[in-house]
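Novice: Each chain, letter by letter, is given below.
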Amino acid sequence: MAVGGCSGPLSTLDAAGPAAARVASFWWAMLAGATALSLLVFVLLLLAFLRRGREGRTSPTLWIGGLGVAMPIVVLLALVGYALMLGERIIAPGLSGTVVIDATARQWSWEFSHRTGEGMQVTHNELHMPAGQAVVLRIAAVDVIHSFWVPRLAGKMDAIPGHVNVLRIQAERPGVYDGQCAEFCGSGHSGHLFRVIAHDEAGWAAFQRGETR
Amino acid sequence: MNALRRHRALEAIWGAPKGWRGTAVSVNHSDIGKRFVVAAFVFFAIGGVLAMMIRAQLATPGSAFVGPDIYNQLFTMHGSIMMFLFAIPMFEGLALYMLPKMLGSRDMAFPRLSAYGWWCYLFGGTILIASMIFGVAPDGGWFMYTPLSSKAFTPGINADVWLLGITFVEISAISAAIEITVSVLKLRAPGMRLDRMPLFAWYLLITALMMIVAFPPLILGSILLEVERAFDWPFFDPSRGGSPLLWQHLFWLFGHPEVYIIFLPAAGVISTVLPVLARTRILGYGWIVAALLALAFLSFGLWVHHMFTTGIPHMALGFFSAASALVALPTAVQVFAWIGTLWNGRPELKLPMLYLLGFFVIFVIGGMTGVMLAMVPFDLQAHDTHFVVAHLHYVLIGGFIFPMLAGAYYWLPHFTGRTRDDLLGKASFWMIFVGFNVTFFMMHLTGLLGMRRRVHTYPEEAGWTLLNLVSSVGSFVMAFGFALFAIDVALHLYYARRRSRNPWTAGTLEWAMPIPTPAYNIASLPTVADREPLADAPALATSLARGEGYLGQPRHGWRETMAVETTSGAIDHVVVLPGNTRLPIVTAVVTGCFFLCLLAGQYWLSLLPVAGVVALGLRWAWVLDWRRDIGPLPIGRGEVAPIHREAAGAPGWWGSAFLLVADGTALASLLFGYAFLWVIAPNWPPPERIDGGLMPGLLAAVAAAAGSLFARRSLAASADGALGPAGRAALAGAAAQLGTIVALGTLGVTALPAPQEHAYAACSWALLAYSLLHALIALLCMGFARARVAAGHVSPRRTLDLRVARLFIDYSGATLAIVLVCLLAPAVAS
Amino acid sequence: MTLLARVSAGLILWAFGFSLLYALQGAGCAYGWQEIQLFGAALLRWFLVVTWLLLVAAGLALLRLTRSASSDFERRVTLATVLAGAGAMLVTGSPVALTSACA
Ligand code: HEM
Ligand SMILES: [Cu+2]
Ligand SMILES: [Cu+2]
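Protein chains in written order, with my numbering: chain R, 1 to 213; chain X, 214 to 1043; chain A, 1044 to 1146.
Worth flagging that the hints you see were computed from the coordinates, not collected in a lab. Since the structure is predicted, the reported quantities are computational estimates derived from the model, not experimental observations. The C-beta atom is built at its ideal place from N, Cα and C for all residues, glycine as well. Worth double-checking, as some hints may not be accurate.
So the derived list for chain X, only partly shown, Cβ under 8 Å to chain R, looks like this [what the hints assert, rightly or not]:
1. 545
2. 548
3. 667
4. 755
Go ahead and model the full structure; you've got the sequences and the hints to work with.
Specialist: Given below as structure tokens:
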């Protein structure tokens, strides 16, 4: 769903991976619903002032039981149900058969360790991955809490000292995607940035052989 | 006695001396309430200036106005000031000022405590602001995540300022919470059943109860983090079995209820003001009470929604996500009750109503984005971006500031006794409303476009330049609006027509008195038979002024007000409140010295102010002079009632009970932390566990049990009039507590590994310290009881001292048993 | 004071049940109850689902409280909060059936 003003190197709405795309559509749906509900409230408010003078009490059952309880319950249940299912697809993936990369954050850089046929390939502030295929990240931190976030590909995941968190990301097409540390981590937080380079098949094979492009 | 003579007599009893002496000694709720409101507004202005600096910095990409180090202090102080020094104190001030008046009472239940809370707030706030002037302000964000705020990454004093300063201010929050709870439950006009209370009192009662449970986790967390920083006890250090996530849990366990604690009083203002301006009564009183209860509970089941990205399993996220969505329901109930009320009445677009409409628009939008953020997949994207900044300001400014501004204009005549035309007020409304939306609506967009919160700059290429500029311009429009509001209020104080009473023809009791109100509120207390006592009896005010209600005869220089049975509102007893005293300010100064010692790292020196606070605390209780049996007192209308010290459910007892609830929550949080680390944190099990300790543990338990028995004996003996044995039993009780202390100390020294070694040891020591502290308190209580008996303050009728002492001792014993089980279980298990 | 306790009973039960489910889930994942299979699902899952359903039933059982209410106000508020508590238990506990427990 590409609306003109929504593109940008860090835009969550300019999705380039399945997780980000699903969340973006979810957002547009929620926006539509929220707009409709807000308008309903505003119209009811307006009417309260317009119908001034027309007497006649309205019942609490209608206002509170109907509009205050029944209507929101229906909306909220649908929303929670959908969000839980979406969350299952995005958050709780199987780990089999995919590329695994270790991402380690520190003040203020990122270290990415790729397991390749040749052994370990370590890069800094530049994550290499194959395009069109899910990649599993094992995210950790050595000093304070940071957070791994590539808005165009997927949601964020915190890098917490003492814990290892897992995030699955996928880029539909080869390209360069901007990433940033999303959790405040001290005076270098603004500049705690990195890039994700999604390779086509040839490029990925080259990277794995240790040939820098 | 005619009305004027009565007024003079009451004023002499309830008033404060003129000048700075009066300022220092006054404990009157109207004085303290007004001070809270004014100080909170000053802090709001300071926080607002910081916000303007934030927006100035973000107006353009690559701005060089401030660097990251200053910027980090700016948003940390902005957030902390707004949450702790503005929002909470502002509603505390309103509650202190307004509650007794609405409940038909003459003061709050613990006037000296209000004053103490006020001074703690003022001094704590001053410490925080001073740190900013000296350039050592906290800079870890308003939620101070560890390890960034730990010694290794914030070696300076900045984090200590936050932890100690905020904890100091929290003392006033806890005091106010206990005070509000007991005042609403006990100090009401006769006949005011629970279901006849003004809704505002329900809102504040529930808010206060929430505070009693919500603040202790934060206070505990702050203590643990400060201890880690000062003494290297590794609660949050993962390399030694701690976990940074523990801090997040403790903080948000407080932090989420906190936002409802801020919202509910403001919603209470809406439920009060809106029906009056719509010339009708509120729709669905019972529904609203039920909704408040549901909100109070649900809001404690949301905290993990601030932690959706920390890698917690999806099922746990699901619990909290569902609860976060559900919490919208009680809010929807209220919103539609309000709109239905408007439909039922004839709403008028007066100035307070304008602010209420502003509230509706902004708060509904904020509520919508709130539900969106409660959905895990969306939050993974929006978390920690400016979308969240937008959301939180829509709910905080929409849900707190707009209703409070409506309340300000509604009650200004009450504070000043004057009314003024609306022109300037309307201009300021439109500037604030438009400026607000321009500022914060843009942030939804920058957030979705990927702009993180807490960044001091951003590149041109990101594509957020125009949106940020517009947002900054809007923020200055809003700032001018607030300035205009301040000017309007200042003008109101000096250039407005005098009014005598009830300009809105409202029905609640705060309008049944002359405005501005005298120090004693009402010359006599009414009998309440309706939720809006003034609605059917417009002449009530004059009849009360003529002394036709209860307690219309001033006597003995006593500050008298009525206490009722909680549910039925039947007359229970007469409360005689303490008068003006320097004790609160002196105690607050000494408390402040304690925090300053800690801040300076003078830990041994800090024991001096601790001793001072203990001595002052004992004096605090001692000066209540109860050497004489009074018996039933005439209260007017031919009725009699006992005095509080000779009645069963005295406010002092209830206040102590609620204090212990807060205390118990702190212990529960500590136990949660211990269990959490054991299950979740890395590097467990600990290298070294408790070794032995069974003997001293048993001895401590036996001594504490003996202490409880002696406390009971002492109480029973004094109820029978056997004061000699009562005194001796109290003394024996004190000795037993001493035994507990020695045994506990032995247990720690002989059996526990050093606290710096591992989080396990640190938790064990923390539990031990908790019990030691309470055994010490129990010891002091028994010693105090013994002295009171000896000095003749206790009689078969006057056993309140002993009953309160027993409460503390039983609590100390019960928690000791829990602590011992937790300490010794690892030894038994291995 | 008893009125406040009675009108809060349903919600207190919810708070207890909510904490219980969260604690069971955390402990279960930490101690590997997820790995033990029983009748086609993990032991942890059975445990959680049964606890959840019992809690909802207990919440509904509290409806009896409304019978002994001493005033109309108390009865209506109790009814509303008991239903709110049981409903909240049903909804906030539903992830035990819908989501993966330890990932
Ligand atoms: C007067 C107008 C206000 C403006 C223009 C304003 C502006 C801002 C901005 C731009 C931020 C984000 C800073 C960043 O993340 O880089 C922020 C953060 C915040 N604001 Fe405000 N704000 C205002 C009023 C308030 C009020 C009234 C409250 C609370 C009652 C409040 C509470 C907060 C909090 C808690 C934060 C988060 C601080 C942190 O990240 O540590 N603000 N504000
Ligand atoms: Cu970082
Ligand atoms: Cu960062």
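Novice: Determine for every hint whether it applies to the structure shown.
Specialist: Quick rundown of the hints versus the structure:
1. 545: 5 Å, holds
2. 548: 7 Å, holds
3. 667: 4 Å, holds
4. 755: 32 Å, violated
When each numbered hint is compared with the structure, a violation occurs for hint 4 only.
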